[in-house]
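Residue numbers (the working numbering): 594 to 803.
Hints should not be assumed to be uniformly reliable.
Now the in silico label distances, taken between C-beta atoms and shown as ranges [said to hold, decoys possible]:
no., residue 1, residue 2, range
1, 657, 742, 24 to 32 angstroms
2, 658, 632, 29 to 37 angstroms
3, 785, 598, 35 to 43 angstroms
4, 625, 598, 30 to 38 angstroms
5, 771, 645, 29 to 37 angstroms
Calculated directly from the structure, the hints in this document are not laboratory data. Quick caveat: nothing in here was measured; it's all calculated off a predicted structure. Quick reminder that beta carbons are idealized off the backbone N, C-alpha and C, glycines included.
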Amino acid sequence: MTFVCDGKFFLSPAGPEDTSAYARVHVSALGASYRDIIGPDFGSRMREHADEIAAEDRQYLAQPDATGFIAWSNPSLDETNDYGCCAVGADPDLWFRPVGIALSADAGPLESWEKDIGAAPIESPAGLRLRKLINLYILPEAQNEGLGSELLRAALPTDDPAFLWIINGNAAAARFYRRHGFRDLGEVFEAEGAWAPSTTGRMVRGLEGS
């Protein structure tokens, strides 16, 4: 457990046993993140697929090379208890409230959906492992506190060459990742299924030319 952002949040490692909390943030954050890009009904479409999203999250979290984290809010930070200290654990309903997630894993062969949209593999640097940032999401209530940077550093150490997928038009996310050393490959792939109509592409870090 690691406290971040002046104690406003703490990060805990996430494994498959944490799928429920992880997926709850994932589904909620998807709707908030993309309703202005994909459409106002995107959140409801994601909720309809909540079980599928949770199953996919569990599969990723169970990978032996996965590095996942959940960020938890501490709204009781400024309260005190009878012992004169901050009320950590004083109200479990408030304390144990997940507000952010991040997950990376080694970049293996293309996934089926990547093949379906026509993506080509990204080559690993010689002698180095290539990581893939699978997701990083923060609920609106916890944004603009520096939590995204903390989650990214935890899930994807800065010495790891890496790539991620981003929905084109998500300017705020693109700016965030550029600040952390990623560059846009300029790809435009048509998203499918619940993600349509939108396009997606990759950003990379630590690769030749990045």
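Each hint, compared with the structure:
no. : hint                          : result
1   : 657 / 742: 24 to 32 angstroms : holds (27 angstroms)
2   : 658 / 632: 29 to 37 angstroms : holds (35 angstroms)
3   : 785 / 598: 35 to 43 angstroms : holds (36 angstroms)
4   : 625 / 598: 30 to 38 angstroms : violated (19 angstroms)
5   : 771 / 645: 29 to 37 angstroms : holds (31 angstroms)
In terms of the numbered hints stated before, the structure departs from hint 4 and from no other.
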